[in-house]
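Here is what each chain is made of, one letter per residue.
Protein chains: 2
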Amino acid sequence: MSQSTGSAASLFETIAIVGVGLIGGSLAAAIKRRKLARQVIGVGRDRSRLDEARVRGLIDESETDVTVAAARADLIVFCTPVDRIAAGVREAAPHCRSGTIVTDVGSVKGPICDELATGMHGAGFPSGVEFVGSHPLAGSEKQGFEFADAELFVWRVCVLTPQEGTSQPTLERLRKFWEAVGSTIVEMSPDAHDKAVAETSHLPHVVAAALASTLQHQNAMLAASGFRDTTRVAGGDPDLWTAILLANAESIVASSEKFSESLRALQQALRSRDAVQVKALLTAAKQQRELIAVDSGPSNQ
Amino acid sequence: MSQSTGSAASLFETIAIVGVGLIGGSLAAAIKRRKLARQVIGVGRDRSRLDEARVRGLIDESETDVTVAAARADLIVFCTPVDRIAAGVREAAPHCRSGTIVTDVGSVKGPICDELATGMHGAGFPSGVEFVGSHPLAGSEKQGFEFADAELFVWRVCVLTPQEGTSQPTLERLRKFWEAVGSTIVEMSPDAHDKAVAETSHLPHVVAAALASTLQHQNAMLAASGFRDTTRVAGGDPDLWTAILLANAESIVASSEKFSESLRALQQALRSRDAVQVKALLTAAKQQRELIAVDSGPSNQ
Numbered sequence: 063m064s065q066s067t068g069s070a071a072s073l074f075e076t077i078a079i080v081g082v083g084l085i086g087g088s089l090a091a092a093i094k095r096r097k098l099a100r101q102v103i104g105v106g107r108d109r110s111r112l113d114e115a116r117v118r119g120l121i122d123e124s125e126t127d128v129t130v131a132a133a134r135a136d137l138i139v140f141c142t143p144v145d146r147i148a149a150g151v152r153e154a155a156p157h158c159r160s161g162t163i164v165t166d167v168g169s170v171k172g173p174i175c176d177e178l179a180t181g182m183h184g185a186g187f188p189s190g191v192e193f194v195g196s197h198p199l200a201g202s203e204k205q206g207f208e209f210a211d212a213e214l215f216v217w218r219v220c221v222l223t224p225q226e227g228t229s230q231p232t233l234e235r236l237r238k239f240w241e242a243v244g245s246t247i248v249e250m251s252p253d254a255h256d257k258a259v260a261e262t263s264h265l266p267h268v269v270a271a272a273l274a275s276t277l278q279h280q281n282a283m284l285a286a287s288g289f290r291d292t293t294r295v296a297g298g299d300p301d302l303w304t305a306i307l308l309a310n311a312e313s314i315v316a317s318s319e320k321f322s323e324s325l326r327a328l329q330q331a332l333r334s335r336d337a338v339q340v341k342a343l344l345t346a347a348k349q350q351r352e353l354i355a356v357d358s359g360p361s362n363q
Numbered sequence: 063m064s065q066s067t068g069s070a071a072s073l074f075e076t077i078a079i080v081g082v083g084l085i086g087g088s089l090a091a092a093i094k095r096r097k098l099a100r101q102v103i104g105v106g107r108d109r110s111r112l113d114e115a116r117v118r119g120l121i122d123e124s125e126t127d128v129t130v131a132a133a134r135a136d137l138i139v140f141c142t143p144v145d146r147i148a149a150g151v152r153e154a155a156p157h158c159r160s161g162t163i164v165t166d167v168g169s170v171k172g173p174i175c176d177e178l179a180t181g182m183h184g185a186g187f188p189s190g191v192e193f194v195g196s197h198p199l200a201g202s203e204k205q206g207f208e209f210a211d212a213e214l215f216v217w218r219v220c221v222l223t224p225q226e227g228t229s230q231p232t233l234e235r236l237r238k239f240w241e242a243v244g245s246t247i248v249e250m251s252p253d254a255h256d257k258a259v260a261e262t263s264h265l266p267h268v269v270a271a272a273l274a275s276t277l278q279h280q281n282a283m284l285a286a287s288g289f290r291d292t293t294r295v296a297g298g299d300p301d302l303w304t305a306i307l308l309a310n311a312e313s314i315v316a317s318s319e320k321f322s323e324s325l326r327a328l329q330q331a332l333r334s335r336d337a338v339q340v341k342a343l344l345t346a347a348k349q350q351r352e353l354i355a356v357d358s359g360p361s362n363q
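Residue numbers (this note's numbering), protein chains in the order written: chain A, 63 to 363; chain B, 63 to 363.
These are calculated hints, taken from the structure and not from any lab test.
Keep in mind that a hint or two might mislead.
No more than 30 Å apart at the CA atoms, straight line, and that leaves these computed lysine-lysine pairs for BS3-like [to be verified]:
| hint | chain 1 | residue 1 | chain 2 | residue 2 |
| --- | --- | --- | --- | --- |
| 1 | A | Lys97 | A | Lys238 |
| 2 | A | Lys341 | B | Lys204 |
| 3 | B | Lys94 | A | Lys204 |
| 4 | A | Lys341 | B | Lys341 |
| 5 | B | Lys204 | A | Lys320 |
| 6 | A | Lys204 | B | Lys341 |
| 7 | B | Lys320 | A | Lys320 |
Bound conformation, chain A alone:
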């Protein structure tokens, strides 16, 4: 899959990964395995955790001061929770050299890109420093770099959300970077991205959480693979997901209302014991499901 590895090998001299958890750790591992940078600096608040990541070979250096890392890197990837990304970028940007690209992996793009687009044209951003949002559709309900996987991004879609003012060379370098770790690139506006993932990722989380909440303790022993799969994402970290859901609340509420309508139609058909209608709704759902049923290729994290 890393068909671009050869040409991508010299893409960046120094990459800083801010937030070395599951995603940041996997990205660092992917970069190192594919030799996409001369060095990878891991940035975080907890020195001893970073040192552990270094011992595991995920990063080359650890740094607790994002401004120090920013001054050395020519690519900075923020892998922190979504509610900390914009502030982090604003802290780091003034210390970047011209030509440095700043991106993130946040699963909500509108609020972050809006804030940073403004910031970029205002004070604090040196000329030649650009922020472009990224969202690799990869992850897991697991947490921590202990679960890092250098192949996490292979076969996955990575959304890039360029804005007015994003330069073509910057977009091209970022695209090559994500392709080099194995992803397929889709370009969208931040808002279009947020509306889409409200439906494909955030609504499923809300629905899975509501479903898990419905389970009565005494029935847990009858929960088999159907229940497990349908609620898997509800095992995700509540702090991370609270930040995500709040950052995209409006679109999620809109999607959840559409979902509630679909649910009510099924409830109504069941109430009236309308076999024809139940079957029609299940058939339509199965056909919709087949839009995304990829049985080969991606590993299901």
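Guided by the hints, dock chain B onto chain A, whose structure is given.
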């Protein structure tokens, strides 16, 4: 897992499997691998399909007349869709010899057991022929004996639903049979079973179908593993599931109302951007999810 295989080897002389699809085929394979019967007769309507199953070694003989198979078997397991089980049992029972046990694998038990309990004390059931409901919590959205798996029942719960009049020796033999294919036995009344699986299996199906229906085509490319897992069961066969959902409609509607309440609470917290409440609900959901999060043992079909 097949700790009972030794003692179970002589449990039955001839087992008839009515309906040789994924479950019936897997059960036949499990019986043959563990040598739990001298012979396995596959019963179905399509002779050529049955012959194919025989060529694959899943069954020893194929039979299109259930009454012929019934006369020879000392265990009959109905693996047909839930809306055909009771009628099939009523057709077969008059031809059974005394001592024959009849069971099924239907995922709804109340309507089947109620109908057959009445039948059993009425005309048509020879004395000494007993029906006891079974529900092995195993399956897949796949269909057909091509996906048969002799280990499908290993580590799974199998619910037995004895009723007033079920004899202890019959229950004991049936228990040994399911244990021999690897399952853990839980005894419940048919109604308690149906209420429980409404929550753990049928509601997830309804929710997954509603969620799949919500997906807009243009967003399908952003559906990643979260959406895939949450909607997986919606890929199941609409005919089979229509029959299941209608047979248990009352309990499913009740469960779905509880689900809708949980969903509304989350929607409301998002609407009011109440981070404390969103996090509290997600935390509660994660804890509920952990009631059933078994990371080892079961293979996730």
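Open item on the list: Checking each numbered hint in turn, tell me which of them this model violates, lowest number first.
Closed with: 3, 4
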